[in-house]
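Starting from the known structure of chain H, fit chains P, F and L onto it as the hints suggest.
Chains H, P, F and L, in that order, give the protein sequences.
Mapping of the first sequence onto full-length UniProt numbering: position 119 corresponds to residue 119, and the numbering continues sequentially without gaps.
Mapping of the second sequence onto full-length UniProt numbering: position 293 corresponds to residue 293, and the numbering continues sequentially without gaps.
Mapping of the third sequence onto full-length UniProt numbering: position 53 corresponds to residue 53, and the numbering continues sequentially without gaps.
Mapping of the fourth sequence onto full-length UniProt numbering: position 315 corresponds to residue 315, and the numbering continues sequentially without gaps.
Since the hints were derived computationally from the structure, they do not count as laboratory data.
Check before you lean on any hint, since a few could be wrong.
For identical chains, the list gives no copy identity; a pair is met inside one copy or between any two copies.
Calculated cross-link-like contacts (lysine to any residue; reagent style SDA-like; alpha-carbon spacing at most 20 angstroms) [claimed, not checked]:
#1 K325 to R308
#2 K208 to R54
#3 K208 to D48
#4 K208 to T53
#5 K325 to D102
#6 K109 to E297
#7 K208 to E28
#8 K325 to V315
#9 K208 to Q27
#10 K325 to V312
#11 K325 to T310
#12 K325 to G309
#13 K208 to R58
#14 K208 to I67
#15 K208 to G59
#16 K208 to S71
#17 K208 to T56
#18 K325 to R58
#19 K208 to I60
#20 K208 to G160
4 protein chains.
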Amino acid sequence: MRIGIVTSGGDCPGLNAVIRGAVLHGQESYGHAFMGFRGGWRGATLGDAIPLTRQTVRGISKLGGTIIGTSRTNPWEFGGEGAVKDSMERLGVDAIMAVGGDGTLAVAKRLHEAGIPMVGVPKTIDNDLNATDMTFGFDTAVSIATDAMDRLRTTGDSHGRCMVAEVMGRNAGWIALHSGMAAGAHAILIPERRTTADELVGWVESAKLRGRAPLVVVAEGFVLEGEVAAHSGRGLDAFGRPRLGGIGERVAELIESRTGIETRSTLLGHIQRGGVPTAYDRVLATRFGMSAVDLAEQGSWGSMVALRGTSVIEVDLTDALDEPKTVTESRYLEAQRLFG
Amino acid sequence: MRIGIVTSGGDCPGLNAVIRGAVLHGQESYGHAFMGFRGGWRGATLGDAIPLTRQTVRGISKLGGTIIGTSRTNPWEFGGEGAVKDSMERLGVDAIMAVGGDGTLAVAKRLHEAGIPMVGVPKTIDNDLNATDMTFGFDTAVSIATDAMDRLRTTGDSHGRCMVAEVMGRNAGWIALHSGMAAGAHAILIPERRTTADELVGWVESAKLRGRAPLVVVAEGFVLEGEVAAHSGRGLDAFGRPRLGGIGERVAELIESRTGIETRSTLLGHIQRGGVPTAYDRVLATRFGMSAVDLAEQGSWGSMVALRGTSVIEVDLTDALDEPKTVTESRYLEAQRLFG
Amino acid sequence: MRIGIVTSGGDCPGLNAVIRGAVLHGQESYGHAFMGFRGGWRGATLGDAIPLTRQTVRGISKLGGTIIGTSRTNPWEFGGEGAVKDSMERLGVDAIMAVGGDGTLAVAKRLHEAGIPMVGVPKTIDNDLNATDMTFGFDTAVSIATDAMDRLRTTGDSHGRCMVAEVMGRNAGWIALHSGMAAGAHAILIPERRTTADELVGWVESAKLRGRAPLVVVAEGFVLEGEVAAHSGRGLDAFGRPRLGGIGERVAELIESRTGIETRSTLLGHIQRGGVPTAYDRVLATRFGMSAVDLAEQGSWGSMVALRGTSVIEVDLTDALDEPKTVTESRYLEAQRLFG
Amino acid sequence: MRIGIVTSGGDCPGLNAVIRGAVLHGQESYGHAFMGFRGGWRGATLGDAIPLTRQTVRGISKLGGTIIGTSRTNPWEFGGEGAVKDSMERLGVDAIMAVGGDGTLAVAKRLHEAGIPMVGVPKTIDNDLNATDMTFGFDTAVSIATDAMDRLRTTGDSHGRCMVAEVMGRNAGWIALHSGMAAGAHAILIPERRTTADELVGWVESAKLRGRAPLVVVAEGFVLEGEVAAHSGRGLDAFGRPRLGGIGERVAELIESRTGIETRSTLLGHIQRGGVPTAYDRVLATRFGMSAVDLAEQGSWGSMVALRGTSVIEVDLTDALDEPKTVTESRYLEAQRLFG
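With the rest of the complex left out, here is chain H (with noise of 0.2 angstroms):
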């Protein structure tokens, strides 16, 4: 069988180990070619595609990024379907491995839907998936935030201040609460919870009587009270317009006006998404583009891999566009209790 891999939507460490792991295992076990599309759906609707072979996966897994490229394109904007079918037919591609987030794993399901052999990989940064347990990419992010709060905390204790990090989670705040909790945050704050000024104001001022020098992490998404929340995650001010600068910003405004506290915020922004995997990431990764090609292997089009405890399983694929996995109260409520 000749296999199609796309790895489609932002990029994530792991991405180049989900493909080395399927074309390894393909190729020896069952003796499948594999084709990369490159930049993502644009590749398969093009027909633009590398081959993969054992030597060009050679030492990736430790590479940030995707070496087929990725992008957001959306495939019914080049031809959907039928586009995606010529290429495969031109190509003598057989199936797809489609690598992404809900939207990418939506359009894999309704090309499955439209005749198209297809297996999934679900890839989100965030976390915030129902299907998995877990997925590559978040262990790397979160990794990366806390060696940041890490090293600004040193900053905040040495010059009094509080200092505000604001990390990934338009949606969903795991990236806050898991740095949060390794860094040893004395506040949290996520999109999935309203905290209202009063009670951050609280913490950061409990922190401070103790000594310390607060430290704040914020989701890009968090909705401060009083704001409405934007698409963008940045809020609308009184007037309905777009804040400008970030949540993590204007956090840190607030506490300053509100406790006379001096403090400084810091957006981590794309640091947080690319470099050397972290292990965790690179295993997960590793196994789950192995049992990809075992669903393709097997015909289970239209299913996906999924971690379950520490076995990877499958799932179907319209299991990855349920309700994206928020944060639950009972692990905010957690985590809160080592505010202040």
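Just chains P, F and L now, kept in the frame of chain H:
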């Protein structure tokens, strides 16, 4: 309630996060006080303890080791339950939280049966406890080993050498399995699996043939074909004498003599267990410490915490005494597909 | 002798190693005692100080920040030399070791002239002092910036984007120059050099043409063609108003609008100055602290330590007040040969 | 001009940055072409070489090792200057850039005298060349050793053990000196200094008395009192036989037997020389590669590059053959003040 904490056995990244999680949560949520017995069970029998307060545990979750010290002391060589009860009475300690591996937890079980209120937190850097999906410390050890192999590989590539890395794992090969998968090793040798010299040589030569510098990971407890396993994991030679040098060196000699490929071995040793814990281990250990306090608050004596999927649950202390969780055949075969 | 240590200005990796080196060497070799003034010159004027003993400085050379705190306080707003002399008398302090940048060292010079025995240790994370070949903290900042760019690059490659990284450097572009060279940037923009928009666009397009995702490093003090430099390093727009957003964002907008290449900017911010110092900075800072004690022991008041080649030497405090050491044309042209 | 590059001797972080710096600068500034001889002088005598283009050297400065391979081949065992000249003629190579240690540079000198246009780049991970203030690779080795000791220390502290770390350095103790200073070691043992067992025991016991877990760093070439130095750095026992085990193990045995303190040794080995170079080493190596091309362009045959202060200068190849730069008494005594 006043709770005494014991950390016992080999040190492990995350121990301090357990202590911090327990103290902060216990003090803030329930008003408990905490004492730390110094140097494992030694401190518990002698009554050698320090108060653990919010101030004491400040900022410690990112420190390796354990601030209260550890040892391999057997309490029955120092008075057993009687001595422990005396210490507790003298210090006003009502219950003990024991953090340790199967040996420590067996001690905890026995003390519990002797009437001492006891809760447990499992600790094994080898991740070989059936009662829990994961133990803290393991992720840090795998990270360090993977990072070391990423480094060894570039030396191997530059000189056309085979590189052998010996990692921890006397009875279970999880560290070798995960770090080997993460680093893309061409062979992984673990105690659970009697790999023959021919198999090993086959993998090494196959990698060499494809132009790679072969990378081999060996768990310290691996037993070479023709050698007899010894308690020390060092094996016996043909005369029944313990072999000099570690298993890594002997594997390197075998490879060099059988294939003619210049081979170097590196024993990672103690660097695998010390230093800054990964974010993953800090979060898991913090949650374990907090949940163990919940067990104490509920009076669930004789129980311990464990990870199941993404939830921290309660299991019986006896569950820690099951057969160790060794690498299953299916997990090994999964990894083996990437060898050679 | 009793020596008071002041750390003043922005925090910088290595400050604690200076303190430790001074205290251990001063106490063991000469029997000196040490006090740490808290929060920079504020502590020196108010007499707010803690004893610094062998115990206090234990293990601190690997900690970021400064254990005695820092501030940008100007002592002449708090009583000047009179207040400092009073503090010293009250605390029995005979001499001051001032650790700081050009501002701090100018203060030290003036206090020295007012009769206060004073030795200096130069500190600037920007490495822009002519008096010394290197300052501690710079190597750590360059390491962190380089690591961040290694990460950004994989995201750029995966999406075919241009990535812009804004690093520290208001007046001197050394951090940008070194991290950009280390990370293989396609353009480096520094305050010392008025790069035109056409030059920049040329480098970016040349990299893109060769199939690279362009990586651009901008020092915060860089001034774009057509903008007017402002003290804040933020520039003024055509109406003379300070520009919103950092220079990194504006450079990204220019690149995207002129080339059509999707471009993202990241402001590294405070993570560059905190956290564990590199081994290089720990060694240099330790040697500086030790040598500053030697200066005090010799009564070389009004002097400070500096690195010349591999030797720590004595220079006059006034040497720190020379023109800043900015990036020379030859060093910039050397780097520029690798652009595009 | 077509320049052939040779990397020879042990691998060293930064070799790839030398190659990239030379190729990019040589091609863009002067229109030179480059060949890489494979496997050190072996490739130069056999004419085994690959073209080095802008594409070949893309992104390699952050990779450990050398993409053209290395070896310890002596060219006079493979035809000497005659064979090298034949290779050069066959491949159209006009000059050679030799990157290596004193052995390699002696070869380069001799080939230069035999009429082969030759420039040199000094390389020694031990930093023991008088001709240059610093060599690339050293900073990376010191970083890795320091990081390892930071880890070992937490294990020592938790168990109350003395930890011994054996680092590289057969003839010069720079790596031990710098990593030991950075990590706050209580004793540093180097080949240049015959520390007595009594001195060592004194430092260890003094640290223990103050409640510290002693940390001892030993360079591999250190010779214990009463042992005879051997070429292998392993020493001879009382019967003149090479001692089994490394010097680290023997030092650990001595400490344990003399002080009764439980002691563990770790041999850092090959992990010190591989993997991602530090930013410092990447910058220095890039500058060395670029400047060596300038030497070739100017026809400065028989010369090599060196660092003096912050400048890259030209020195004679013979300067590399001076007495090695060993640790001076003053630098050792400076470090020694922090022992115990």
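Here is how each hint holds up against the structure:
1. K325 to R308: Answer is both; intra-copy 14 angstroms and inter-copy 17 angstroms each pass.
2. K208 to R54: Between copies only: 14 angstroms across chains, 56 angstroms inside a chain, cut-off 20 angstroms.
3. K208 to D48: The answer is between: 19 angstroms across copies meets 20 angstroms, while 57 angstroms in one copy does not.
4. K208 to T53: Classified as between: cross-chain Cα gap 17 angstroms, same-chain 57 angstroms, threshold 20 angstroms.
5. K325 to D102: This pair counts as within: shortest intra-copy Cα distance 11 angstroms, inter-copy 35 angstroms.
6. K109 to E297: Answer is within: at 18 angstroms inside a copy they meet the 20 angstroms cutoff, but 48 angstroms across does not.
7. K208 to E28: between (59 angstroms within a copy, 17 angstroms between copies)
8. K325 to V315: within (16 angstroms within a copy, 26 angstroms between copies)
9. K208 to Q27: between (59 angstroms within a copy, 19 angstroms between copies)
10. K325 to V312: The answer is both: 18 angstroms in one copy and 18 angstroms across copies each meet 20 angstroms.
11. K325 to T310: both (19 angstroms within a copy, 12 angstroms between copies)
12. K325 to G309: So K325 and G309 pass the 20 angstroms test inside a copy (16 angstroms) and across (14 angstroms) alike.
13. K208 to R58: between (51 angstroms within a copy, 13 angstroms between copies)
14. K208 to I67: For K208 and I67, only the inter-copy Cα distance (17 angstroms) is at most 20 angstroms; the intra-copy one is 47 angstroms.
15. K208 to G59: between (48 angstroms within a copy, 14 angstroms between copies)
16. K208 to S71: For K208 and S71, only the inter-copy Cα distance (17 angstroms) is at most 20 angstroms; the intra-copy one is 45 angstroms.
17. K208 to T56: between (54 angstroms within a copy, 17 angstroms between copies)
18. K325 to R58: Result: close neither inside a copy nor across copies, 34 angstroms intra and 32 angstroms inter.
19. K208 to I60: between (46 angstroms within a copy, 18 angstroms between copies)
20. K208 to G160: within (9 angstroms within a copy, 35 angstroms between copies)
Of the numbered hints given earlier, the model fails hint 18 alone.
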